[in-house]
Amino acid sequence: MSQFVFATAEYVSGDWESAPALPENLIDSVARYTSIDVAPVGVNVKLSSPELFDYPFVWMTGHLPVRLTDAERRNVKRYVERGGFLMIDDHNHDITGQFHKTVTEEIERTFGKMTRLANTHELYRCFFVFENPPPNTHHELNGYGDDLLHRYLDAVLVNGRIGLLYSNKDYSSEWNFHAETKKFMTQDPTKFGVNLIVYALTR
Amino acid sequence: MRSRGSAARAGTEWGLRLLILALLAGYLVHALRVRYRGATEASDSQGLTVALARWSVVAAPARVHVALGHPPPVLQRDWLAALPGAGTMVAWGSASLLPSAIAVDPVADPAGGVDVAVATPAAATVELRDTLGTLDSVRAVAAGVRFTVPKLRPALEAEVGSVVARGAVHDSLELHRLLVLGTAQWETKFAIAALEERGWQVDAHIAVSPRHRGDVQQGEIGDVDTSRYSAVVAIDTTAARYGDRIARFVRAGGGLLIWSPAAKAPALATLAPGAPGIPIADEHQVPTDTAPRSALEIVPLVGLRPDAIVLERRGDVVTLAARRVGSGRVVETGYTNAWRWRLAGGDAAPDEERTWLARLVASVAYTGRRQVAAPPTDVAPVATLIDRLGPGTPKLDATGFMTLAVVLRWVFPVLVAALLLEWSSRRLRGVK
Amino acid sequence: MTPLDRVRRAQRWLAATVLVTALLWALSLAMAVVIVAVATNFIVPLAPLLRAAVVPAALGAAILGAGVILWRGRRARSLGHVALWVEERQPELRYALVAAVDPRFSVAELSSELVESASGADVEGIVRRSVRRAVGRALVSCAIAGAVLALLGPRDLLRAAATEFARRTGSRAGAPMASRLTPLRAEVLPPRYSRLPDQTLVEPTTVAALIGSGVAFKGNGPASGVTLAVGTDVRPAADGTVGWSGTLVMPKDPAVVTLRDRQYQRLVVLAPRVDSAPNVMLRLPVHDTTYQTVPRGLLTVEAGATDDIGLAYGYFEYLVSTGSEESFQTAASESPREEFNNARSGMVHATINLDTMKLVPGSVLHIRAVAFDYNDVTGPGKGVSETRTLRIAEKPDSTSITAAPPLPIDSMWISQRLLNMKTDTLIRTERKLAHEEFAHRSSGYSNAQEDIRRRVLAVVALLEDNGVGGSFFTDESKLLRQAADLMWSAREELGVAQPDSAMPYMKQALKILDDARMAYRYYLRGILRPVVVNIERVRLQGKDSAAASPLLPRAVPPDVRAALAARIDAAVRLYRMAPEAAMDTLTYVRVAALTAAPVVAGALDTALVALRRGIAVDSALARTRRLLEPRARVIAGPPDWQAGGAKR
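Protein chains in written order, with my numbering: chain A, 1 to 203; chain B, 1 to 432; chain C, 1 to 648.
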């Protein structure tokens, strides 16, 4: 049957591999909290490759400017319109930075303007319930980036469902650690990641 | 004394008189024969309307034979069938009527459409038409051909040779909801998406976590019965928690579409046509437009029950099978990641996959039926013709050569000409 | 009364009769023409021109008929002819009456016998009979024609004929003014920036033009009462130099402009044409590149741009990003603009001085070309090319501990070491194993050795890639090549069950990998060794509980084509009762189809033309309706509950 495989997007223009421990961490969290059949190891998949369509959930992050090639754009558009879920996270957490500027330009060029996700959206209650969503990260106010708390996530909706979710909250830094260290934490910061994956698998 | 010329002329006049008498006598004999034996008249499809009026109103032949190039319209057929009641035996014959019939059934699909089955001799060419024109034309492979027509017009016609069978939908289907059961995985998600996009109303129970309220539900899943659901869609073994209810539902007439891995669960195995075999991976091939499902992973159906009907194979393995359970129907599919077809396939793939899944559901769905007004139909013209008029016979000769046409075209003019010639010759000779 | 008096009286009667019969026959002929027209119209509906000609034809026939009667009765003006006419009917007078009325002779000059004979003429009787006959015939024919006409009911045809006649002439005193919407012209003034020529369309059903074009509708007659409406925006026409004129601007979306003049209405479709953004192709650099060392010198960049209307200018955009971990800086710059002066195609060139770009190991340079057109209505349109990414490889030891993945050399070293140990064990236990088992294991190790060799070669390929389609050796790559060669030899020996011969090669290969591992740390992009999570160990160990919210059902996505099909079906039903209203409806459907289904819009345009020509509505719209329907198909899939089944 179709096992959930965590896929990281490989794109040409930037540092797509900037959060190498994140896949392992989220896979661990999915296994801890759910009975979802999840593959024990993640994959990297090129945005320009037909293999993208084998992974209906893809994580994309980076610090550097994002300039999609024509093949990447075509694939991403088709992928989202057909029901894939693409999560893009600004690893700089900087709305003045070039990752944010360039990736939002690429998203608008491909899909049009994004929709601001209301904080009552079902994404924040589809598995764990978050009282003041979206959950903040420890990196947003760490002196780097724009040093702001980002109160919303933005999305491209397809027939009312999130097809592309965009975050400035730097979940890539927040979740980029070895899963074993979770046992030393009082609060598991990766629970929102579980919500993302459950949302993608059920909506 | 008469001259030689005058004698010859007199002889010619006598000849003409004899000819006239012979013609009159011949016609009298013919008339008597017709009177006692009865006339046999013939017609063909083209002249049938006129002929029927004549046989009913002007003449009353004892026998008629119609050479049919195509089945007559209903009105003419009924008229022919009524002639024996007035003393006229009807026979017909045809060299070119291909027996054919059409059946039109609505599809249990919110997107509508009908299935059309046309029975024909093998290798016959079938042209399917509606009020706008030709829909499709195909050569029948075996005993007929089946079409699916997504948009229904009031009537459909199937032309096979010179025979046109006319069908229409007489029922409207009442669809209920679907219940989808499975774990949180891509196949469940995209199956629900495809069915909802098709127009089905879906209740769902998606297993995510056995802890606390970790499962995701859609709709109020109450009793699983035919008043609420048309079919249950069971994607994996988590559906087994509803096993007893599903079994009762199916036996009462409900439909079950089950993925073969779900048949591992004992509660569902008793319903499924077969058991799940060893998975055959898809090797990440891209589903093509011509054979999309050949690129999908399958868990083949093995150990088929004796009453299972194989619907589809891929090579030697069974990928789709069906069986009846009580009043209900069960279809088992071995395609376990049809979502790849939607996501990775060609331009039309999302719609094609949606249609394919909807047809699987339609083949099992329980529906109510409501009669609707339908235009007149003639679903099996040749069969009806034989039923009303009996089987075809070889052509009968019209009685003698003295048909009305012959009389009018030949006999009468000859008679008149002969009379005129004889009279004028006599008068010119000065003989009264 | 004298004969003269009597003949005079007869003359008056005859003249009156001629007049009356002329009128009656004129009426009959006019009615006959109308009868023929009505009868013909029953069989074959008359074209509008013929309809318009019915009334004039009837009048013409009436005038002709009256003229003929009057001409034939012209001799009633002459007394002598009247007398002669009487004489013809009473020959026994032997010209006595003619002589009696001849003005050359007075009564006294005539003989009494003549006068007596003339006085005996039955002038009154003859005239009476003749009048009765003539008037009677005329009345009868009139009556018959009238009766037939009454049976046929010509009212509708006459009304239509009169309307058509008045419409075409518009000059009959007291008749309503013809529609000012026909003839109609549309003058299109494209936006100035496009420098496209103006256009005049005659009797347009559709006006296609660039968004922002001025569209002036013009017609004959005064402007008062003529309006133009687009949606709820209604504006009056103004008096132009000749006739009326109404102007609007081509909107962004297709629309229908409704022109109204009293009870007349005309719809024209506005089909906006979008000025596309320029298309830009980056030609140099040809592809992305990774430099092993910081490149210096000049880099030529080149791009081509094309536009459907005309290009304004273009330039290159550069983004240089440097940094690591949380700290990245990006500097943006542009090359000087190149003007295109409204050309439809052009090239942009620039030279990048890499020395001034402050590139360091780890930097990334993004290059793309940008071009703009002159569109000052909805734009300017901006076109961008693909981006070339030029990277400078990071220093080998510049990776951070947190982010550094396990080294590929490490893993290869581990694998080779393990394989060497296994091979060594195999050699030592050779005597204890059956030959087949020994050979089988050796063959397995041969495959494993080949696997490691391929991984080494993959690393070599990355090290040697110069980013421009070629390769060059490095010290590191040469070393690893040596290891790969040794692995090849080992693999061959293992493949023929000679592990003892393979062992020396394997030991050498291991040493090289060990040296490489100790001497260098490589962070090679794209080669991340994935971390395997122990799913079974962690399954459901999480302490937090979920409270999943219910799923909400999806809406059925709107089916635009089905909606258009439904509107067309409704228009077909309406057509049977009100054809003009149905055609207006179809015009609106066509506008909707211009954006939703352009192919259908084209078919609908053809259908509307056919409908105006009189083609039956089902035939005219057949193709359009078919285009909107999903196709009927032969079912190749699961047949209904039959034995056998389709192979797939």
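Incorrect hints may have been included.
What the hints assert, rightly or not - Okay, the calculated bits of chain B under chain C, using three or more residues with CB under 8 Å as the criterion:
#1 133-141
#2 147-155
#3 194-204
#4 214-224
Keep in mind the hints are simulated off the structure, nothing from the lab. For every residue, glycine included, the Cβ atom is placed at its ideal position computed from N, Cα and C.
Right, here's what the structure says about each hint:
no. : hint    : verdict
1   : 133-141 : holds (count 4)
2   : 147-155 : holds (count 5)
3   : 194-204 : holds (count 7)
4   : 214-224 : holds (count 6)
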